[in-house]
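S.K.: Here's the letter readout for the chains.
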Amino acid sequence: MKYETVIGLEVHAQMLTDTKIFCGCSTKFGSEPNTQTCPVCIGMPGVLPVLNKKALWFAIKTGLATDCRISSFSRFARKNYFYPDLPKGYQISQYELPVCEHGYIGIIVDGNVKKIGITRIHMEEDAGKNIHEGAGTYSFVDLNRAGVPLMEIVSEPDIRSPQEAVEYMKKLRAILRYLGVCDGNMEQGSLRCDANISLRPVNQTEFGTRTEIKNINSFRFVEKALEYEIKRQIKVIESGGRIVQETRLWDPNRGVTESMRGKEEAHDYRYFPEPDLVPVVVEKEWIDEIRSSLPELPDVKRERFVSEYGLPETDADLLVSEKPLADWYEEAVKLGGQPKSVANWVMGDLMRLLNADNKTIEDCSLKPSQLVDMLRLMDDDTISGKIAKSVFEEIYTTGKAPDVIVKEKGLVQISDSGEIEKAVDEIISKYPKEAERYRFGEEKLLGFFVGQVMKVTKGKANPQMVNDLLRKKLSS
Amino acid sequence: MELFRLSISEVIHLLETKEVSAQDVINAVFQRIDAVEDRVKAYVTLTREKALKMAEEAQKEINAGTPGTMLRGIPFAVKDNMCTKGIPTTCSSKMLSNFIPPYESTVTSRLSENGYVLTGKTNMDEFAMGSSTENSGFHVTGNPWNLERIPGGSSGGSASAVAADECIAALGSDTGGSIRQPAALCGVVGMKPTYGRVSRYGLVAFASSLDQIGTLTKNVRDTALLMNAISGHDPRDSTSAPLPVPDFTGVLDKDIQGIKLGIPKEYFIEGIDKDIESAVYAAIKKLEGLGATPVEVSLPHTEYAIAAYYILATSEASSNLARYDGVKYGLRAEGRDLMDMYLNTRARGFGSEVKRRIMLGTYTLSSGYYEAYYKKAQQVRTLIKQDFEDVFRQVDLLVTPTTPTPAFRIGEKTADPLQMYLSDIFTISVNLAGLPAISVPCGFTPDNLPIGLQCIGKHFDEETVLRVAHAYEQSTDWHRRKPDL
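Chains U and P are the protein sequences, given in the same order. If you read the first sequence in our numbering, its first letter stands for residue 1, the second for the next number, and so on. If you read the second sequence in our numbering, its first letter stands for residue 1001, the second for the next number, and so on.
Because the hints were derived from the structure by calculation, they are not lab data. For every residue, glycine included, the Cβ atom is placed at its ideal position computed from N, Cα and C. Some hints here could point you the wrong way.
Here are a few chain U residues that sit away from chain P, every Cβ distance over 12 Å (derived from the structure) [to be verified]:
1) D18
2) R242
3) E274
Quick list of in silico lysine to aspartate or glutamate cross-link-like pairs, EDC-like style, CA-CA up to 20 Å [unchecked claim]:
4) U:K170 to U:E227
5) U:K235 to U:E258
6) U:K129 to P:D1337
7) U:K79 to U:E187
8) U:K79 to P:E1371
9) P:K1328 to U:D85
Could you build the full structure based on these sequences and the hints that come with them?
M.R.: Quick look at the structure:
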């Protein structure tokens, strides 16, 4: 039997506001436990939440960037459950009336754009953290994270494979980062993903029974956890069993999903409208203002890079994946760099160097203008392509200007035919046997001679001239 | 002169003219407390030392000629569900018996800015759930008019303290009648302002969409003075109204000629105490004599108010009280594991009425029941609001009895929660609709138990409420009578 996979993702994104969603405490990550708390986010008796306007702004921004309808009237609701990291005994979230609905994100599948529907985007507060280490028979509770603003972005069950799920996550992350509303860091938990997954026989329209997988904290695990779950579900179905609707936990160490709780043990969250907050009314003017503040988004930028700079789709795709990278690229092009060769340098040497140092383009000390200056030195034959690679590395590590490096290290290309001829003669006379073999038709030995000449000229000889001269001299 | 007998405006006058000092006043009040508190038991915490310091500060300012603040040197009692920094705030619950807030409620900070002197925190039904103050986790408060009777509730301690002259005035909170009902039963003036008029920040929540802080005073002028100090928008309470606050004393002396009084027929029903009915009719006659025009009106959905209220209030309460879990503050009863600790803490910390309401509210919000209970109750609430909107197109103010019976005996209704809930039958609709309302003394039963007259106004029209209540009060002397303690 052939099965079709049906996946929907629920993504929690921590918003990059300076303060929490319902109080003035800082949202900074990694501080001493319980140092970023106040009576409101600790849930003391009698205190009241006040909505952080910036969090609402960010949610609307995300809604507009994903083509959602922005609700002019939305409401907060209480989600009730007991847990030590939830100081009020309820989480303030949105339920019946979320702030954004009915949007989509486009991903590329087999070269075509596929729209993945966004059911809703809503705002909510994060919970704190329970700490079990070093607490003896007790556990500790750190409430620094309690009240940090989150967006929950819920997709339609439009995703059909683990690979599509990864594409969706990557695109969503890029959008969030372009908007500056979330740093997208899955390892630190500022972007979290729960997946609903079910199987159905190909051509069946009804959905199969789904399971929900929690604790997926990297792109790699999105793929692995879903692949594991597909295999598990197929095995259950084909051995005559039935899929149980349940919540499963991804265990990255063992590479398996495990049952966490069944449908019967599912929480009854007893949602009801939050009476401590007034409904959120969003004026049309406000939406227009936010819309006009949106940056150029990855899809539009990619198309523009293709049409404006003549880049291949794959190049454009990679360059727009991160806004700072796209900005870096574009600055270099604007300064006069040839678009394709700038792209090659960025995607090749620059990415290699950054990856080796575990750095991002934002911490890169090599400036676009330095790359462009170096490209000019290549264009006017001051340095060869080969030399350029080492110059580039030198700029990257020292930050010095390319022409300074070339001068200091004496890397100027030798284009003086007399000097090159001298070196060529020297090498031919040093290797008479090889010269003989060349003349008898072993033409691949030319490379050997070029190498030797470059060696004695320390790589500075103009390669084209060396080639031409060697051919001439060896044939004579 | 018995300084503790005086009203706010009288004390202000004596302080301004320097006939007495703020220390004289607070000392007199504490002498009164010492004389009667062991019988009345209005307070759960007395803040004697702090009060003396506050009075000293106030007097210093008066001596220095610092421009007057509204309530400088006036001794107030505060219901123990309003957070006072550094002073226990227990909600009369064992759950919070050790809780000392590190923050101040907005109302008490406003009183502080106005130079008040805090006498102490008053007893109440635990978490404001009750109509007799018998649900206090600590002790029962007596009605100063008859110590074997209840003072009403849940602000029974505040009403009792005002009636017994154990303070000059007090703050209470009103979720379904918790200021007006005890005010009526103790023979004092009790005002519940419009929902949103006074900030709830720092008021320990019972039912957030219904809770409102208000006043218990010896006369209507004092209500207006106190309302001036505590009203107004608070950025820390999103549900507080961003509206300007009038000077509530400004309208008191206007006559009430031409005011249309609605008399809702649903409030004069079978089962209402005959003495109360005739006292209220007499009050209406009095108001008519002062120039107002009574009109019979109908609030057809009144009979559903109690049912809707006990669903909505308990639903919100079940969630509001979830934070008392033994993890962060308040009582913790240890257990084998987390669940066991939760169960022990909540079993020991809460009294039976609080548990009853948490269970009711948890049930009505449960999946499968939400539509039938919570949602339906919200729809009823909308209908009740519309009832009021409709009648307020015809009249300026509604006049009703505050309670169906006078103060009952301690223990009389504790075994029958439904009977107890019915004592709020005339006050609950006002909370559902978010309207302002006052209870003023309008007579006594043959047993010498006070009777209250309720005036209900339009949204944010406390002025008409105060104006009519004041006109009535000034034409009678019920408010001048004092219990014999």
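S.K.: Against each hint, give a clear statement of whether it holds in the structure.
M.R.: To see whether the hints hold, each was checked on the structure:
Even its closest Cβ contact with chain P, about 18 Å, leaves D18 of chain U beyond 12 Å, as expected for a residue assigned away from the interface. Its beta-carbon lying about 24 Å from the closest one in chain P, R242 of chain U satisfies the requirement of being farther than 12 Å from that chain. At roughly 8 Å from the closest C-beta of chain P, the C-beta of E274 of chain U falls inside 12 Å, breaking its exclusion from the interface. Taking the CA atoms of K170 of chain U and E227 of chain U, the gap is about 17 Å. The hint holds against a cut of 20 Å.
Between K235 of chain U and E258 of chain U the alpha-carbon distance is near 15 Å, which keeps this suggested pair within the 20 Å criterion. A threshold of 20 Å between alpha carbons decides the hint, and for K129 of chain U with D1337 of chain P the separation of about 18 Å falls inside it, so the pair holds. Distance hint between K79 of chain U and E187 of chain U is unfulfilled; the C-alpha atoms sit about 26 Å from each other, more than 20 Å. Distance check on the hinted pair: K79 of chain U and E1371 of chain P sit about 16 Å apart at the alpha-carbon level, within 20 Å; holds.
Distance hint between K1328 of chain P and D85 of chain U is fulfilled; the C-alpha atoms sit about 10 Å from each other, no more than 20 Å.
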